[in-house]
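Participant: Let the sequences and hints guide you as you build the complete structure.
Spelled out, the chains give:
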Amino acid sequence: MMQLGRWLAAQVGRAALAAWAIASLVFLLSRLDTAKATDLLLGEADNLGTAVLRTDIDATQRQARQAVEQRLGLAEPLFYVTRTKQAGAISWHWHGLHNQYHQWLRGLLHGHLGLSFRDGQPIGPRWRAALAYTLPLTGLATLGAIAGALLVGLVLAGGPQATLSGWRAGLHTLLTGLQGLPLFALALGLLFVFANPDMLNVLPAYTGSADAEELWDQRALRLVLPVLALVLAVLPELALLLAHALRHELSTGYATTARAKGLSNSKLLRKHALPNAILPLLTALAGLLPTLVAGAVVVETIFALPGTGRLLAEAVAMHDYPVVVAGVLFSALARLLALALADALYAWVDPRIRLVP
Amino acid sequence: MSLPVFRARTAGFWLGVGWLLLVLSGGLLAPWLPLAFLPAVPDLQHVAEAPDWAASPAHWLGTDPQGRDVLTELLYGARQVVSISLPAALLATLVGALAGGAAGFWGNKGLRLPWAGWLAGAAVGWWGFALPGRWPCSLALAGLAGLAWWHCRSRSAKLAGWPLPLDTMFQSALTLLGAVPRLVLVLVFAAGPALGTTQLVVLLVLVAWPEAASQVRAQMLRVRELPFVEAARAAGLPTSRVWYRHALPHACRPLLATAPLSLAGLIGLESTLAFLGVGRPPDIPSWGNLLGTLQQEPGAWWILASAGCALVLTLLALQQLARQLGQRA
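Protein sequences appear in the order of chains D and C.
Going by my numbering, the first residue of the first sequence is number 1, and it counts up by one from there.
Going by my numbering, the first residue of the second sequence is number 1, and it counts up by one from there.
Treat the hints as calculated values from the structure; they're not laboratory data.
Beta carbons: idealized from backbone N, C-alpha and C, even for Gly.
Accuracy of the hints is not assured; some may be wrong.
Cβ pair distances, simulated, as ranges [to be verified]: (1) C:Trp127 / D:Glu314: 23 to 33 Å; (2) D:Ala67 / C:Tyr244: 41 to 51 Å; (3) C:Leu90 / D:Leu263: 28 to 38 Å; (4) D:Glu314 / C:Ala36: 31 to 41 Å; (5) D:Gly177 / C:Leu24: 20 to 30 Å; (6) C:Leu206 / D:Gln218: 35 to 45 Å; (7) D:Asp350 / C:Cys309: 42 to 52 Å; (8) D:Val155 / C:Pro31: 15 to 25 Å; (9) D:His95 / C:Leu176: 17 to 27 Å; (10) C:Pro238 / D:Leu8: 41 to 51 Å; (11) C:Pro132 / D:Leu143: 48 to 58 Å; (12) C:Pro132 / D:Leu29: 47 to 57 Å.
Incomplete in silico selection of chain D near chain C, CB under 10 Å [stated by the list, open to error]: (13) Gln179; (14) Leu181; (15) Ala304; (16) Ala313; (17) Asp320.
Facilitator: Take a look at the structure:
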C-alpha cells in the first residue's frame, strides 16, 4: 500500500510538473512580443483619426499604448532574468520578483487567471460562465461513453463462437470505421441529419446565442447532439478494447472451468470475465477526459455552445493569449484529474495491486 | 520486405491503395488538370448552388457559399494532404524511430560521453548564450576540455565519462508533450499569425512524433536483448553501427502498421485546423476548409457529400492499409 501510494504520488506529481512546464512555456512564448498584444486593443483606434496631424496620432498612440501596457501589466520585464542586445553587446539583467511571470504565477495560486488582451476584463468569471456549459457536456459524455462501452463490449464479446460472426462482425466493422473518423466530420454529419430543416429536424442546434433565462429542458435538448457526437467519437476505442479483453478472458482456464460447472454464458461474462477485463479499460479512461476536453473545442464550435472549448477556439483566432494559456491550464488540469482518478480506480478494482507489500 | 508486402491481399486492400493513389495523383497534378475553374476564385453568379450538369461550364460538384467550385477545391485540397500531412507523417515517423530507438537502445547509462565532450559542450553553450563573463569562463571551460582530452589520450585508458541520460530526456519530452491533448497543443502553437507550409509541417511533426517513438522504444527494449544483437556486439562492431544497421531495422517493424494510422491522424488534425480556421490563411483550399463552409450553409448536402466522402474514404483506406500491413506477410 505504501509503495502504491508513493507510485501514485510520483505519477501525478510528474504530470503536474509537466502541466506547469507546458503552461509556463506557452505563457512565456505568448508574451515575448508585447507590442502585438497592445496592438490588439488599439486595433480599432488606428483607423479613426486620419484627419489629425501625423505627429499627434503618434503621440496619442504612444500614450494609449503605455496606458494599456500599464493596465495589463505588460510594462514589467517578462522573466526573472532577461537578455538584452544593445549595439551588438549582449547582456543579462536580473529583475527580481517584479516580473510578469512571477505575477502570473502568484495570481494563479490566488485563483486569478489574468486579464484578457481583447477587452481587458478578467478571464476568471468568463471562464466560469463557460464551464457551466462544458462541465455538463463532458460529464454526460464521460458517463455515456463508459456506459456505452460496457454495453457494446459485452454485446460484442457475448457471441457463442471464438470468432465474430453475423451482425456482431458488422458492428465490429462499423466501430472500426467510426474509430478513424475525425470528430468534426462526425459532428457535421449528425448536425446535417438531425438538425436540418431539409432532413430530420428533431433536435435544436442553431438557436442563436444562449441567454441565461433559457429553460433547463431546452438547454438539455441542446446538449443531446453534442454529447452524442462526443460519445460516438470515443466509444469505439473503449468498446473494442473491452471486447478484446473480454474475449481473451473467455479463452482462459478459469472461464472453461466455470462453464464446465454449468454457469450461463452471460453470467460468466458479467461476473467473472468483466472484473478482469476492465483493467485495460481503466488505463484508457485516463486518456478519455483530456480527449473530451479537446473534443469540446470542435463540438462547441459546431453546435454553437458557449463553453470553454469555443472560448479557446475564439481566443486562438483572436490571438487573445491569456485566454489561450487558461485553456492550456484547464486541459492539463483535466488530464491530471483523469490520471489520479484512473490510478485510484485501478487500486480499488484490482486487489492484487493493493496487496503489494 | 518489398515483395511479401504486396502478396495475398484482399480486394479491400487494393481498393484502398487505389483510392490513395488517386488522392496522391490528384494532389500532385491538380495545377495541370483541365479544370474549368481556378481555386479560391469565386464565381459570384453561382453561389452555394447544387450540382447542375447541364450548364456550361458546369460546376460538376456544385459551388460553396463563397462561389468557389467544389471539384476544384477538392482537388487542391488533396494537394494539402500531399504537401502537409504526408511529409509531416513521414518526418514524425523518422524522428520517432530515431529518438525512440536511441532511448530504448542506450537507456540512461549506455551512452557515455567523455569528460572532454561535456566540458567542450559547456564552453560552447556559455559562449553562445553570452552568459556573464563570456570570454574568461568559456575559455576556461575550453581549456579544461582540452586538458581532459589530453589526459584521456595520454593514459590511453578506457574512456571515462558521464552517461547521457537519454531515456530520462526522452520520457520527459513525452510527458511534457502529453500534458495537454494534441488538438489543444496544436491550437495553442497556431494561435499566432498564420503559419506557412513548413511551419505547419514542423508543428504537426512536433505533436506526432511521440506516438511512433514510444512504440519503437518498447520494441527496442526487446530487440536489444536478442541474440543477434549480442552477436553483433561480440563481433566487435562499433555500437553505433550495431544500433543503426542491426537493432533499429528490427525495432522499426511495428511502424509499418502504425505509420498509415499516424498519417490518418494527421490528416484529421490538419482538416480540423482548417475547419476551425486556425493557423492557415482562410483562402487556401482544403477539405476541412470546405467542410467549414457548411456552417454558413447548413443545407449544402453536395459539399458534405463530396468533401466528407473524400476525407472519410481516405481515412478508411489508410485504416485498411494499416490493418493489412499489420498482419505479418
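Participant: For every hint, state whether the structure bears it out.
Facilitator: Structure-based check of all given hints:
1. C:Trp127 / D:Glu314: 23 to 33 Å: 45 Å Cβ-Cβ, so the 23 to 33 Å window is violated.
2. D:Ala67 / C:Tyr244: 41 to 51 Å: 60 Å Cβ-Cβ, so the 41 to 51 Å window is violated.
3. C:Leu90 / D:Leu263: 28 to 38 Å: Hint violated: Cβ distance 52 Å, outside 28 to 38 Å.
4. D:Glu314 / C:Ala36: 31 to 41 Å: The hint (31 to 41 Å, Cβ to Cβ) holds, given that D:Glu314 and C:Ala36 are roughly 37 Å apart.
5. D:Gly177 / C:Leu24: 20 to 30 Å: Because 22 Å falls inside the window, the suggested range holds.
6. C:Leu206 / D:Gln218: 35 to 45 Å: Given a distance of about 42 Å, which is inside 35 to 45 Å, the answer is holds.
7. D:Asp350 / C:Cys309: 42 to 52 Å: Roughly 45 Å apart at Cβ, these two residues keep to the hinted range, so it holds.
8. D:Val155 / C:Pro31: 15 to 25 Å: violated, 50 Å
9. D:His95 / C:Leu176: 17 to 27 Å: holds, 26 Å
10. C:Pro238 / D:Leu8: 41 to 51 Å: Holds - the Cβ-Cβ distance for C:Pro238 and D:Leu8, about 43 Å, lies within 41 to 51 Å.
11. C:Pro132 / D:Leu143: 48 to 58 Å: Holds: the Cβ-Cβ distance is about 57 Å, inside 48 to 58 Å.
12. C:Pro132 / D:Leu29: 47 to 57 Å: Cβ of C:Pro132 to Cβ of D:Leu29: about 25 Å, so the range 47 to 57 Å is violated.
13. Gln179: holds, 8 Å
14. Leu181: holds, 6 Å
15. Ala304: holds, 9 Å
16. Ala313: Check passed: Cβ of D:Ala313 comes within 6 Å of chain C, closer than 10 Å.
17. Asp320: Holds - the Cβ of D:Asp320 comes within 10 Å of chain C, reaching about 8 Å at its closest.
Checked against the numbered hints given earlier, the structure breaks hints 1, 2, 3, 8, 12 and satisfies all the rest.
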